[in-house]
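There are 2 protein chains.
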Amino acid sequence: MRSVSDRVQALKGSPIRRLVPLAVAATKRGIHVYKLNIGQPDIPTPKSFMDGVRNADIDVLSYSPAPGIQGTIDALIGFYADMGVTLTGDQLRVTIGGSEAFAFALQTTCNPGDEVLIPEPFYPNYKGHAIMNGITVVPITTKIENGFHLPPIGEIEGLITPRTRAILFSTPANPSGVGYTREELKGIADLAIKHDLWVISDEPYRELMYEGHATSILEFPELDGRAILVDSISKRMSACGARIGCIVCKNPDLMAAIDKLTQIRLSAPTFSQLGLIAFLSSPNYKDDIAEMRRKFHSRRDTLYDALQEIPGAVCRQPEGAFYIFVKFPQIDDSEEFVKFMLNDFSVDGETVMVAPGAGFYATEGKGHDEVRIAYVLEEPKLIRAVEILKAGIEAYVEQRQRVAATAG
Amino acid sequence: MRSVSDRVQALKGSPIRRLVPLAVAATKRGIHVYKLNIGQPDIPTPKSFMDGVRNADIDVLSYSPAPGIQGTIDALIGFYADMGVTLTGDQLRVTIGGSEAFAFALQTTCNPGDEVLIPEPFYPNYKGHAIMNGITVVPITTKIENGFHLPPIGEIEGLITPRTRAILFSTPANPSGVGYTREELKGIADLAIKHDLWVISDEPYRELMYEGHATSILEFPELDGRAILVDSISKRMSACGARIGCIVCKNPDLMAAIDKLTQIRLSAPTFSQLGLIAFLSSPNYKDDIAEMRRKFHSRRDTLYDALQEIPGAVCRQPEGAFYIFVKFPQIDDSEEFVKFMLNDFSVDGETVMVAPGAGFYATEGKGHDEVRIAYVLEEPKLIRAVEILKAGIEAYVEQRQRVAATAG
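Chains as they are written, first to last, in our numbering: chain A, 1 to 408; chain B, 1 to 408.
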């Protein structure tokens, strides 16, 4: 039996995925699990989007153009124009979700052996795509006590080597919720120009910013030749299953390279593109997005307040996205804690699933006392989930002490 | 301005794509272009598929499971059972078209620097994916005079080096239409076992076989640990824009590796999966496929007969798919010929677009006197297109002779 490739062996499976069977087993035992572990909003997909799919008038479901259906490109250009960014038709390509846009950004900017700087904690699939492309992730460590804002620019500059090709981040960020300020991004921009780096900004949560303005990388004209926007409709339209994103860049060489990559995978899905066109053509699309922002904003406030009731919990109010990263100093292995919550703990037949923190760090040993909580449920459920979490932490710590005492 | 990566620079754009603007320009001049250049069927997508999409009862369009929606996996397992192949649920994963299945097959079997044997002429995107993954394509040259069947197995064996990891092919094949016999595939199987190679078989045209039985790689139990089926619904269901395919393998290590890859791209498109489930649940789905086969079979016969009328044309009757590869010995550069047909030639306001042959070969210098014709139009149109092609070849040759005489 032939063995699989080394690089795919180097891929770590996601810790969240490893824990899913435990959640399934808990559900089978009759336990209700509040799932705050993944970034799947519970908010209905806009009717205009769904109608655009249902009303598709298609005789032959043929390959759509590799760069995207022209109507999709036009609709997205209109969407960026509405946020004050002017694009031409050759500066935007439709992708199969933000995931493909991200993979394209890595593949067009980096050769195997190159290095990419990424603030940690970061979305774990960044690392997966980097491994598959032979690219080394160099983490810029950020701290919970500092709300995961960037360290001084000199600290980032010290990580640059001759192999560094890009700085990459999301803002507002999954998993930390940090939204970088214009000044932070200006610092990155200056550094990128000084060291001739690409800047890759992943902004699927841009409309979900609750404090200040969500600064897009496209707002820095000095980066026109080197800024790459990775975007997705998944979050702001609650359409994760659509698999539609886009990549935007004003560097024509990069876009020519993107065009070659879109050709070898042929097309992005047709139905979802029709849904997107219908959504962005609907007169009230901004209201739909604003309503989503209002909901998540209120949830963030509720969740943040509730978390203050857990003794020792360390977190800062995140500026955006729908995640809070929390440190529980009394927990030394949050993956074990999540297992405990799913296998051994419940309150009145209910428990909570969150994401262990370590999977979001590239630096070994970091994040083991942290978890990511996604506020993807309604507020009464978030309040209840935090109560259960609080009780779970107490029970977990007690159990650990008992075990330690017995061992002693 | 930062430069793009070397490997994406190494990607050649598709010659077919380069010629598209010429076809657009011809159309703008009022010329009707018979487009026989791409593998896009003209046959309506089955109603059951479209209804499955239109009737989707979705509140939140959430991420679908990374391996595929369970209903899609079950439906596809039933589809393979109908063709006599028994699979378990963990031996099949839904992919974003055959393209992704192919990319996954390369990524899980090969490291950068490894070699893959592929009979040429082959689908050009094989090379594109290989380049992006740092894999070397080693062509097994096949000949038009032999109907593009495989050379003696010793000739293939002579190409194997310590870096060879896989033999890869499509059957019935794009672009040649060859359908390998059971004996040919048995030869490949024995060779793969002898040299411990993976066997990757791309079979989107399996139901479009007109002579003999379309042998699938899954019919060789001795290959269970090393055979990988790459498949797609695009052709047999005329649903190219669905972007749904699958990868099938009975090697659990390989499937575990595939699972990691599906996780980093999250999901395949939801709507198309619902369409596929509906199609495969419809009582008459086999009739829909059989009807498609009948149509293409009849077209193949018509086109093949018509081509016999072109003086000097060399081709063999292809066993399957919907392509014929033809050699026109009087043409020394078929890309120039296609340009001539689009820019400088028409009969009563009509011309023909075919695909130049060289783009389907890895060996430099091959295919320049060959073209691929896709029989994706109705028979009267195919007959008319061949008449125009015949006249075009005469005019092209005359023009070349005139130019040569003037130069002399």
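I should point out that these hints are in silico values taken from the structure, not numbers from a laboratory.
Treat each hint with caution, since some may be false.
Note that identical chains are pooled: a pair holds if it fits in a single copy or bridges any two copies.
Unchecked claim - Distance condition first, Cα-Cα at most 20 Å in a straight line; then the derived SDA-like pairs of lysine to any residue: (1) Lys143 / Pro21; (2) Lys286 / Leu377; (3) Lys366 / Leu11; (4) Lys28 / Ile383; (5) Lys366 / Asp224; (6) Lys47 / Asp57.
Verification of the hints:
no.	hint	result
1	Lys143 / Pro21	neither (31 Å within a copy, 52 Å between copies)
2	Lys286 / Leu377	neither (22 Å within a copy, 44 Å between copies)
3	Lys366 / Leu11	within (19 Å within a copy, 39 Å between copies)
4	Lys28 / Ile383	neither (24 Å within a copy, 63 Å between copies)
5	Lys366 / Asp224	neither (35 Å within a copy, 42 Å between copies)
6	Lys47 / Asp57	both (17 Å within a copy, 12 Å between copies)
Of the numbered hints stated above, those contradicted by the structure are hints 1, 2, 4 and 5, listed in ascending order.
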